[in-house]
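With mature numbering (1 follows the signal peptide of the UniProt record, and there is no 0) as the guide, the letters of the sequence shown map in order to residues -20 to -1, 1 to 203.
Hints listed in this document are in silico derivations from the structure and should not be mistaken for laboratory results. The hints are all genuine.
Only pairs whose alpha carbons sit at most 16 Å apart, straight line, appear in this in silico EDC-like list of lysine to aspartate or glutamate:
id : residue 1 : residue 2
1  : K83       : D109
2  : K29       : E16
3  : K92       : D79
4  : K85       : E71
5  : K68       : D79
6  : K83       : D73
7  : K85       : D109
8  : K83       : E71
9  : K66       : D79
10 : K92       : E71
11 : K59       : E28
12 : K92       : D109
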Amino acid sequence: MHLRLRALLSLLHCVFIATARRAAKDNVQDCWNCLECSVENGCVRCPEKLFLFLQRWGITHRGSCLHSCPAGHFGQRGKDVNRCMKCKGPECDRCFNKDFCTKCKRGLLLFKGRCFSSCPEGTVPHLTDCIEGNWSQWSPCQRNGLSCGVKWGWQIRTRLLPWKVSEESALLHPPQSERKRCRINKRCSRDMRKHERRQKAQKLLKHVKNRTVTDPSEVAGRI
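Work out the full structure: start from the sequences and follow the hints.
What follows is the structure, given as C-alpha coordinates:
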(Lines of atoms letter the chains of each structure in order from A and count residues from 1; the text may use other names and numbers.)
(Lines give C-alpha, C1' and ligand atoms only; values in the text may rest on other atoms or scores of the structure.)
Protein backbone atom coordinates (compact mmCIF):
# COMPACT_ATOMS: atom_id res chain seq x y z
CA MET A 1 0.00 0.00 0.00
CA HIS A 2 2.79 2.40 0.93
CA LEU A 3 4.69 1.47 -2.24
CA ARG A 4 1.66 2.24 -4.41
CA LEU A 5 1.14 5.60 -2.70
CA ARG A 6 4.83 6.45 -3.09
CA ALA A 7 4.70 5.50 -6.79
CA LEU A 8 1.59 7.65 -7.32
CA LEU A 9 3.18 10.65 -5.61
CA SER A 10 6.33 10.19 -7.67
CA LEU A 11 4.25 10.11 -10.88
CA LEU A 12 2.37 13.26 -9.92
CA HIS A 13 5.66 14.99 -9.13
CA CYS A 14 7.03 14.08 -12.57
CA VAL A 15 3.87 15.37 -14.28
CA PHE A 16 4.09 18.63 -12.32
CA ILE A 17 7.73 19.14 -13.27
CA ALA A 18 7.01 18.39 -16.95
CA THR A 19 4.07 20.82 -16.97
CA ALA A 20 6.14 23.51 -15.29
CA ARG A 21 8.97 23.06 -17.81
CA ARG A 22 6.51 23.20 -20.72
CA ALA A 23 4.90 26.35 -19.30
CA ALA A 24 8.32 27.92 -18.79
CA LYS A 25 9.28 27.04 -22.37
CA ASP A 26 6.03 28.50 -23.73
CA ASN A 27 6.52 31.57 -21.57
CA VAL A 28 10.01 32.10 -22.99
CA GLN A 29 8.65 31.73 -26.55
CA ASP A 30 5.71 34.09 -25.93
CA CYS A 31 7.68 36.66 -23.98
CA TRP A 32 10.77 37.05 -26.15
CA ASN A 33 9.56 40.40 -27.56
CA CYS A 34 7.49 41.64 -24.57
CA LEU A 35 8.25 44.57 -22.33
CA GLU A 36 6.38 42.85 -19.52
CA CYS A 37 5.25 39.24 -19.24
CA SER A 38 3.64 36.82 -16.77
CA VAL A 39 3.77 33.03 -16.58
CA GLU A 40 -0.02 32.74 -16.49
CA ASN A 41 -1.02 35.28 -19.16
CA GLY A 42 2.01 35.76 -21.40
CA CYS A 43 2.65 39.29 -22.65
CA VAL A 44 0.90 42.09 -20.78
CA ARG A 45 2.88 45.01 -22.27
CA CYS A 46 4.49 45.38 -25.70
CA PRO A 47 7.09 47.66 -27.31
CA GLU A 48 5.76 50.88 -28.80
CA LYS A 49 5.38 49.67 -32.42
CA LEU A 50 3.83 46.26 -31.65
CA PHE A 51 0.22 45.28 -30.95
CA LEU A 52 -0.93 43.28 -27.92
CA PHE A 53 -3.08 40.34 -29.04
CA LEU A 54 -5.04 38.43 -26.39
CA GLN A 55 -5.89 34.88 -27.45
CA ARG A 56 -8.70 33.53 -25.28
CA TRP A 57 -9.30 29.99 -24.06
CA GLY A 58 -12.54 29.94 -22.11
CA ILE A 59 -12.13 32.25 -19.14
CA THR A 60 -8.36 32.55 -19.53
CA HIS A 61 -6.26 34.38 -22.11
CA ARG A 62 -2.67 34.58 -23.22
CA GLY A 63 -1.06 37.70 -24.66
CA SER A 64 1.51 38.04 -27.42
CA CYS A 65 3.12 41.02 -29.16
CA LEU A 66 2.60 41.17 -32.94
CA HIS A 67 3.71 43.45 -35.77
CA SER A 68 0.26 43.10 -37.40
CA CYS A 69 -3.04 41.78 -36.10
CA PRO A 70 -4.42 38.39 -37.24
CA ALA A 71 -7.47 37.84 -39.47
CA GLY A 72 -10.72 39.15 -38.05
CA HIS A 73 -8.94 41.87 -36.05
CA PHE A 74 -7.67 45.42 -36.55
CA GLY A 75 -4.91 47.38 -34.83
CA GLN A 76 -5.96 50.17 -32.48
CA ARG A 77 -3.19 52.43 -31.23
CA GLY A 78 -3.49 53.89 -27.76
CA LYS A 79 -1.54 56.13 -25.43
CA ASP A 80 -0.30 53.31 -23.20
CA VAL A 81 -0.74 50.19 -25.33
CA ASN A 82 -1.59 49.21 -28.90
CA ARG A 83 -4.20 46.44 -29.04
CA CYS A 84 -5.63 44.00 -31.59
CA MET A 85 -9.41 44.51 -31.54
CA LYS A 86 -11.96 42.14 -33.03
CA CYS A 87 -13.98 43.10 -36.13
CA LYS A 88 -17.70 43.45 -35.41
CA GLY A 89 -18.99 41.19 -38.20
CA PRO A 90 -18.06 37.48 -38.12
CA GLU A 91 -18.07 37.48 -41.95
CA CYS A 92 -15.26 40.08 -42.01
CA ASP A 93 -11.70 38.86 -42.58
CA ARG A 94 -10.02 42.29 -42.31
CA CYS A 95 -11.37 45.61 -41.08
CA PHE A 96 -10.27 49.24 -40.83
CA ASN A 97 -12.18 49.68 -37.58
CA LYS A 98 -14.84 47.75 -35.70
CA ASP A 99 -17.64 48.65 -38.15
CA PHE A 100 -15.83 49.04 -41.52
CA CYS A 101 -14.71 45.87 -43.25
CA THR A 102 -11.92 45.95 -45.86
CA LYS A 103 -11.87 42.24 -46.79
CA CYS A 104 -14.61 39.62 -46.55
CA LYS A 105 -14.33 35.91 -45.96
CA ARG A 106 -14.33 33.57 -48.95
CA GLY A 107 -17.62 33.49 -50.86
CA LEU A 108 -18.74 36.99 -49.79
CA LEU A 109 -18.56 40.34 -51.63
CA LEU A 110 -17.40 43.67 -50.19
CA PHE A 111 -19.32 46.92 -50.72
CA LYS A 112 -18.86 50.13 -48.70
CA GLY A 113 -17.37 48.39 -45.68
CA ARG A 114 -19.95 45.59 -45.48
CA CYS A 115 -20.04 41.98 -46.67
CA PHE A 116 -22.86 40.64 -48.87
CA SER A 117 -23.76 37.23 -50.26
CA SER A 118 -24.98 39.00 -53.44
CA CYS A 119 -24.40 42.56 -54.67
CA PRO A 120 -26.93 45.29 -53.78
CA GLU A 121 -29.13 46.91 -56.44
CA GLY A 122 -27.22 49.08 -58.89
CA THR A 123 -23.91 47.22 -58.45
CA VAL A 124 -22.25 44.25 -60.16
CA PRO A 125 -19.76 41.72 -58.76
CA HIS A 126 -16.09 42.12 -59.70
CA LEU A 127 -13.59 39.72 -58.12
CA THR A 128 -14.22 40.15 -54.37
CA ASP A 129 -16.07 43.49 -54.53
CA CYS A 130 -19.35 45.00 -55.70
CA ILE A 131 -18.78 47.85 -58.18
CA GLU A 132 -21.23 50.67 -58.91
CA GLY A 133 -21.23 52.93 -61.96
CA ASN A 134 -21.64 56.70 -62.31
CA TRP A 135 -25.00 58.44 -62.49
CA SER A 136 -26.23 59.58 -65.91
CA GLN A 137 -27.35 63.16 -66.57
CA TRP A 138 -30.86 64.09 -65.47
CA SER A 139 -33.45 63.67 -68.22
CA PRO A 140 -35.38 66.73 -69.53
CA CYS A 141 -38.19 67.86 -67.25
CA GLN A 142 -41.43 66.35 -68.59
CA ARG A 143 -44.88 65.26 -67.52
CA ASN A 144 -46.58 62.52 -69.51
CA GLY A 145 -44.32 63.38 -72.43
CA LEU A 146 -45.06 67.12 -72.21
CA SER A 147 -42.25 69.61 -71.73
CA CYS A 148 -44.44 72.73 -71.75
CA GLY A 149 -47.93 73.83 -70.88
CA VAL A 150 -47.81 72.35 -67.37
CA LYS A 151 -46.30 73.60 -64.11
CA TRP A 152 -44.60 70.50 -62.74
CA GLY A 153 -42.90 67.45 -64.17
CA TRP A 154 -40.32 64.77 -63.40
CA GLN A 155 -36.67 64.17 -64.17
CA ILE A 156 -35.10 60.70 -64.17
CA ARG A 157 -31.52 59.46 -64.05
CA THR A 158 -29.98 55.97 -63.89
CA ARG A 159 -26.75 54.63 -62.48
CA LEU A 160 -24.74 53.25 -65.40
CA LEU A 161 -22.97 49.93 -64.96
CA PRO A 162 -19.17 50.28 -65.10
CA TRP A 163 -18.92 47.93 -68.10
CA LYS A 164 -21.11 45.96 -70.48
CA VAL A 165 -22.57 42.89 -68.81
CA SER A 166 -24.40 39.83 -70.11
CA GLU A 167 -28.20 39.76 -70.39
CA GLU A 168 -28.37 37.29 -67.50
CA SER A 169 -26.27 39.55 -65.28
CA ALA A 170 -28.34 42.59 -66.33
CA LEU A 171 -31.52 40.80 -65.23
CA LEU A 172 -29.96 39.82 -61.91
CA HIS A 173 -28.53 43.32 -61.34
CA PRO A 174 -30.93 45.88 -62.93
CA PRO A 175 -29.68 49.48 -63.18
CA GLN A 176 -30.58 51.69 -60.25
CA SER A 177 -32.74 54.72 -61.06
CA GLU A 178 -34.18 57.68 -59.21
CA ARG A 179 -36.41 60.62 -60.07
CA LYS A 180 -37.09 64.09 -58.74
CA ARG A 181 -39.82 66.66 -59.21
CA CYS A 182 -39.02 69.66 -61.40
CA ARG A 183 -40.76 72.88 -62.40
CA ILE A 184 -41.71 73.40 -66.04
CA ASN A 185 -44.04 76.44 -66.04
CA LYS A 186 -43.32 77.03 -69.71
CA ARG A 187 -45.78 78.12 -72.37
CA CYS A 188 -45.90 76.03 -75.49
CA SER A 189 -45.18 77.56 -78.89
CA ARG A 190 -47.74 77.27 -81.68
CA ASP A 191 -45.86 74.42 -83.33
CA MET A 192 -45.45 72.66 -80.00
CA ARG A 193 -49.18 72.97 -79.28
CA LYS A 194 -49.96 71.39 -82.64
CA HIS A 195 -47.53 68.59 -81.91
CA GLU A 196 -49.04 67.98 -78.50
CA ARG A 197 -52.58 67.97 -79.92
CA ARG A 198 -51.41 65.43 -82.48
CA GLN A 199 -49.96 63.27 -79.70
CA LYS A 200 -53.20 63.48 -77.74
CA ALA A 201 -55.16 62.47 -80.83
CA GLN A 202 -52.90 59.45 -81.35
CA LYS A 203 -53.36 58.38 -77.73
CA LEU A 204 -57.11 58.78 -78.04
CA LEU A 205 -57.19 56.72 -81.23
CA LYS A 206 -55.27 53.97 -79.48
CA HIS A 207 -57.74 54.11 -76.61
CA VAL A 208 -60.76 53.69 -78.91
CA LYS A 209 -59.13 51.42 -81.49
CA ASN A 210 -61.52 48.60 -80.61
CA ARG A 211 -64.55 50.84 -81.24
CA THR A 212 -65.95 51.92 -84.62
CA VAL A 213 -65.83 55.67 -84.95
CA THR A 214 -68.16 56.91 -87.69
CA ASP A 215 -67.96 60.61 -86.99
CA PRO A 216 -64.42 62.11 -87.04
CA SER A 217 -65.71 65.06 -85.04
CA GLU A 218 -66.17 62.67 -82.09
CA VAL A 219 -62.42 62.32 -81.90
CA ALA A 220 -61.75 65.97 -82.69
CA GLY A 221 -64.13 67.07 -79.97
CA ARG A 222 -62.06 65.24 -77.36
CA ILE A 223 -58.78 66.79 -78.40
